[in-house]
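Protein chains: 4
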Amino acid sequence: MLTGEREMDKDIIIGIIGAGRIGKLHAENLVKGNMGVRVKTIADIYMDEDIRSWAKDLGIPVVACNVEEIFDDAEINTVFICSSTNTHTEFIMRCAQTGKDIFCEKPIGSDLSEISSALAAVNKSGVNLQVGFVRRFDHNHKAVRDCVKSGRVGRPEIVKITSRDPEPPPVDYVKVSGGIFFDMMIHDFDMARYLAGSEVVSVFAAGSVMVSEEIGKAGDIDTAIVTLKFENGTIGVIDNSRRAAYGYDQRTEVHGALGCVKTENDTANLAMVSTASGVASEKPLWFFLERYNEAFLKEVRDFIDAIQGRREVSVTGEDAFKAVIIAEAATKSYQENRPVMISEIVC
Amino acid sequence: MLTGEREMDKDIIIGIIGAGRIGKLHAENLVKGNMGVRVKTIADIYMDEDIRSWAKDLGIPVVACNVEEIFDDAEINTVFICSSTNTHTEFIMRCAQTGKDIFCEKPIGSDLSEISSALAAVNKSGVNLQVGFVRRFDHNHKAVRDCVKSGRVGRPEIVKITSRDPEPPPVDYVKVSGGIFFDMMIHDFDMARYLAGSEVVSVFAAGSVMVSEEIGKAGDIDTAIVTLKFENGTIGVIDNSRRAAYGYDQRTEVHGALGCVKTENDTANLAMVSTASGVASEKPLWFFLERYNEAFLKEVRDFIDAIQGRREVSVTGEDAFKAVIIAEAATKSYQENRPVMISEIVC
Amino acid sequence: MLTGEREMDKDIIIGIIGAGRIGKLHAENLVKGNMGVRVKTIADIYMDEDIRSWAKDLGIPVVACNVEEIFDDAEINTVFICSSTNTHTEFIMRCAQTGKDIFCEKPIGSDLSEISSALAAVNKSGVNLQVGFVRRFDHNHKAVRDCVKSGRVGRPEIVKITSRDPEPPPVDYVKVSGGIFFDMMIHDFDMARYLAGSEVVSVFAAGSVMVSEEIGKAGDIDTAIVTLKFENGTIGVIDNSRRAAYGYDQRTEVHGALGCVKTENDTANLAMVSTASGVASEKPLWFFLERYNEAFLKEVRDFIDAIQGRREVSVTGEDAFKAVIIAEAATKSYQENRPVMISEIVC
Amino acid sequence: MLTGEREMDKDIIIGIIGAGRIGKLHAENLVKGNMGVRVKTIADIYMDEDIRSWAKDLGIPVVACNVEEIFDDAEINTVFICSSTNTHTEFIMRCAQTGKDIFCEKPIGSDLSEISSALAAVNKSGVNLQVGFVRRFDHNHKAVRDCVKSGRVGRPEIVKITSRDPEPPPVDYVKVSGGIFFDMMIHDFDMARYLAGSEVVSVFAAGSVMVSEEIGKAGDIDTAIVTLKFENGTIGVIDNSRRAAYGYDQRTEVHGALGCVKTENDTANLAMVSTASGVASEKPLWFFLERYNEAFLKEVRDFIDAIQGRREVSVTGEDAFKAVIIAEAATKSYQENRPVMISEIVC
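Chains as they are written, first to last, in my numbering: chain R, 2 to 348; chain F, 2 to 348; chain G, 2 to 348; chain L, 2 to 348.
Don't read these hints as lab results, they were simulated from the structure.
Among the hints, a few may not be true.
As the list claims (entries may be wrong) - Below, in silico cross-link-like pairs of lysine-lysine (DSS-like), each with a Cα-Cα straight-line distance of 25 Å or less:
| hint | chain 1 | residue 1 | chain 2 | residue 2 |
| --- | --- | --- | --- | --- |
| 1 | R | 150 | R | 323 |
| 2 | L | 41 | G | 33 |
| 3 | F | 41 | R | 33 |
| 4 | L | 33 | G | 33 |
| 5 | L | 323 | L | 299 |
| 6 | R | 25 | F | 33 |
| 7 | L | 41 | G | 25 |
| 8 | L | 323 | G | 33 |
| 9 | F | 25 | F | 57 |
| 10 | R | 25 | F | 299 |
| 11 | F | 218 | R | 33 |
| 12 | L | 33 | G | 299 |
| 13 | G | 33 | L | 25 |
One chain only, chain R, in its complex shape:
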């Protein structure tokens, strides 16, 4: 189905692939978020009683072990891809073939040529594709970006992103994650482009194993600082850690010709307690489910609005592709201990 032919305000009938944490989260937001859509099917190759029971309670009528039940269902016109990264490009292709709009979790993939092929298929078919860079929908980061766009701080000169998880994932997860740059910093690569308003031209990655020897044994690092150079001369820096004892640390900053805008972490409340031992306030919200709770809802609402109104989606396949390229360059930079040009990755 081509863009020009789609109807405005069509009924959205959704199939969700993957019933893990993020698949469930999107399902609940779609069902309870009063968006006027219908979640018809959820598919997962690891189907069990818990998922069936959860789906039933939520009112999702079809539970499937085979994703083909989604692609074969002509009524389903929209698919949420929330399965493991290695399946993303294949499922995107299948959606494109069957004319279904796509919301795909990040990262869109790890193999650049597969991603290229998938995006080509999407373009050809004319379906919509949005990628789950949820942080763009966060009230704080968006306020930073809006401030930059408004010109209030002038042309960006320095972009700074701090992004630290509260605790490392299980090492088994780390082993298949693609490494810190693909699994964790991928969000920050997207955020850096979003804030700088310019494309990355080169990357230098420094990393260390400070948090978990197991992560080191698995061939990954847990602490990293990446320097980015942008086309327009802006320079950026991202620091990641797999552990922040005080919770999820998510801060952004843009320094420009006329000033600087930055944002602190959200907390559960603003109470401040002053006693003989000091002044104490709340820690940052613990992890992404708490911190980006609202953003996940806004992200899905934004996607539904886009495909209903036939306007362009906010976060495109191109955005997803570029973040992967930067992750590839960062990985190479870390491995070879030298700055890597983006043009070395894509030529």
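With chain R held as given, fit chains F, G and L onto it using these hints.
For chains F, G and L alone, kept in the frame of chain R given last:
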């Protein structure tokens, strides 16, 4: 129906009286808040097409001009009273007579003997009654209260509440509002009791017309400071203004033997912009719908939980009564320019 | 010596009366503050070796037990009165008689007619008199005042002052202090006038003994909230406590027609530590010597500038008189549990 | 004079070389700071009437065009080297030869072998040498360091330093400055070592000309981000800009195994103004004279204490040498666009 006989986890079928701003807000939270309840009827003596259309969209099947349609409906077991203050006690009596649980907006009334009678009827019938002191459910004020209860700041010595509306209501509203102490500071009287953990014994009210001459002509004031003395020796102070150019100003503070806990206003985001002209951050959220958005949801959820689980409701008719008594004392104090004992009001 | 006859930039030769904490502080600021003045004599009826040794180290040539050595010394043209409150008016009279400029610590006295007489003598003689309301020279409170004066927050409507000492003074001190309103809140009465830019017309004082039973037995209170009404309709509130476990709590706030300006407490540094147990920052500076350290220096420098340049001093005897009147009214209000008009005190 | 032979609490007689901004600042702190020292001579090859007049007012008896007047003066036992960087090592050698203790401004030099020779001479002669890394004496940065040392945030994993000047220096200054890494970031290299408690092993520098084309034409950059790797695995990042429209931006942060400590900028006051247009607070203090005002005094006091008490000075020649090596590595890294090992610089 007496307490002892009610079933756990009964089906909650709700009738709402009053389709003004607050009635609609509760209706939407009940319908969209995934609470497992059914809103069957909404009644308003000023029924119009807008309300009918809104109710239809929300899926409320019955729209009535006559509240008796609610009281006469045996299926409805729970009533939200969101009509004008002067109708509250009568509707509470009718609910008690017909065995329906009650959520009543604040203030519960303005005539002390009518309130007494209504509460007596509630007690006799055994229905539940919760009053809409929504601020108790705010994350910030609750954190202050929890801190006090934990003993971390010691025995409360000073309680401070700042509560300022962004802009004055229409003067026609002011004329029937019962005055600033009944209409606006009533929330703070409840908050003061909630934070101090003690009962008020006397009140001194100072007031001024600073914001609107029209409010003054209507016989009311728009700026007020009230000092409270509590049974346990704690002293408290509330300041109210009908206008805060920067938005809704809602701060609380408790100073105790071991320290002090206080909370600032919520803002839409935490971005801070530093430029040559200074460091700028967001204003407080504009008004109660924004600031207490979450709290309104929590409040209703708390009420539904209470009546489903047959535990005591969180904010009782007694709480509502006491706030009205303090408002009465404050009004008298302002009029007679002298401190007024609570015992002068209730004897 | 009359104002008209004094020379510009005369040599300032200073005598200090009282070698207690505050007398020593002023002496050190005068000597080490590079003000181009000479401290010739310090007098104290309780002279001891420690004071002599301290004075010698500081380079003060004359140490006296008898204050008349100061009044009799024609070379001394400026006197700092830092002795106990009950001696202030007498020493002011003596300075006026001997033509010496005066810096007098707060409060200027406790007996209204004595103060009147002293001020009359000052006016007649034409000497300068500045009173030690040091908080006017604090960077934070001054910024609040400057903001109000600039019109940025519009006409003041509510003035709020929080002033809490870290710990109560010895009860022997309390007994001769004149009570919390004369000894402690006197500073806040001056601050309230300074911030409101209007004169107080009535006062209501509520108080409690929460901190120290001994203070209660001594006939004083340790916790107080005072409501002030100003000529221009502004209302104000001051809260005092003799104990703040977290240090000296000194905050001011002015709410006006166009907005609100307020200030927080200073801390020793801005480090914030986030750990699993929360986010911790520094307590307020411990007490007035730390918090108003700079202000004490600025205050003295301001006085020296004034008397050298023959401009009017910043904080006048009239200011001191008015603060005492308010303290008198507050004391009466607390004792009689009713609002007291300033006109009842001075007629 | 060798260390072992020096007397405790000797009289400190000081000669200052260089009467520019920083030389004058130290002179004033030494004279007015009540340190019990005597500034005898100030020498500058560009002597003029302004300096003579300033020195006279300050009470410095000898003003010289020739620095030899300082080295030849046997009474002078302590020298402050505040002349241009290219003279530092030579003057250090002369001090060592003449047995005078040395306070030398940063950087200690730019030629590594000259610095080595100078330090060798210092070691041989036994004179004290302290280098002017003033930021170590700042209350905020010191609080960060103290927190790290206390173990409260655990082993350091990430060190972050933001250091931005309010406005670029004249391009003539830039031309002889040695470049941003020697002139500006040298402070941050020292701070990074101070905070990390470990030695730098490699450096990667990214830079850009964003602020001033003239600086670019002069062969320098004005915006830079440098990544540091430390011996213990810690990674660090410094961002510098020659322009921050809002003032001097000086922030530090250490993230460790148990938490994170960071500090914000100092401001002139803590007033916050809330109006319809937002919440406004003060900008950071404008530049180093304001921000490090107290630190300059503490630094000199610390040096005087050290040389009087014969304890080791706080910031050694070795510290200065290491900062220069890092600056050398950063310069090389920027020029060759590759990470540079410290061992490439010193072998």
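Taking the hints in turn, this is what the structure says about them:
no. : hint          : result
1   : R:150 - R:323 : holds, 21 Å
2   : L:41 - G:33   : holds, 20 Å
3   : F:41 - R:33   : holds, 20 Å
4   : L:33 - G:33   : holds, 7 Å
5   : L:323 - L:299 : holds, 23 Å
6   : R:25 - F:33   : holds, 19 Å
7   : L:41 - G:25   : violated, 30 Å
8   : L:323 - G:33  : violated, 38 Å
9   : F:25 - F:57   : holds, 12 Å
10  : R:25 - F:299  : holds, 23 Å
11  : F:218 - R:33  : violated, 49 Å
12  : L:33 - G:299  : holds, 16 Å
13  : G:33 - L:25   : holds, 19 Å
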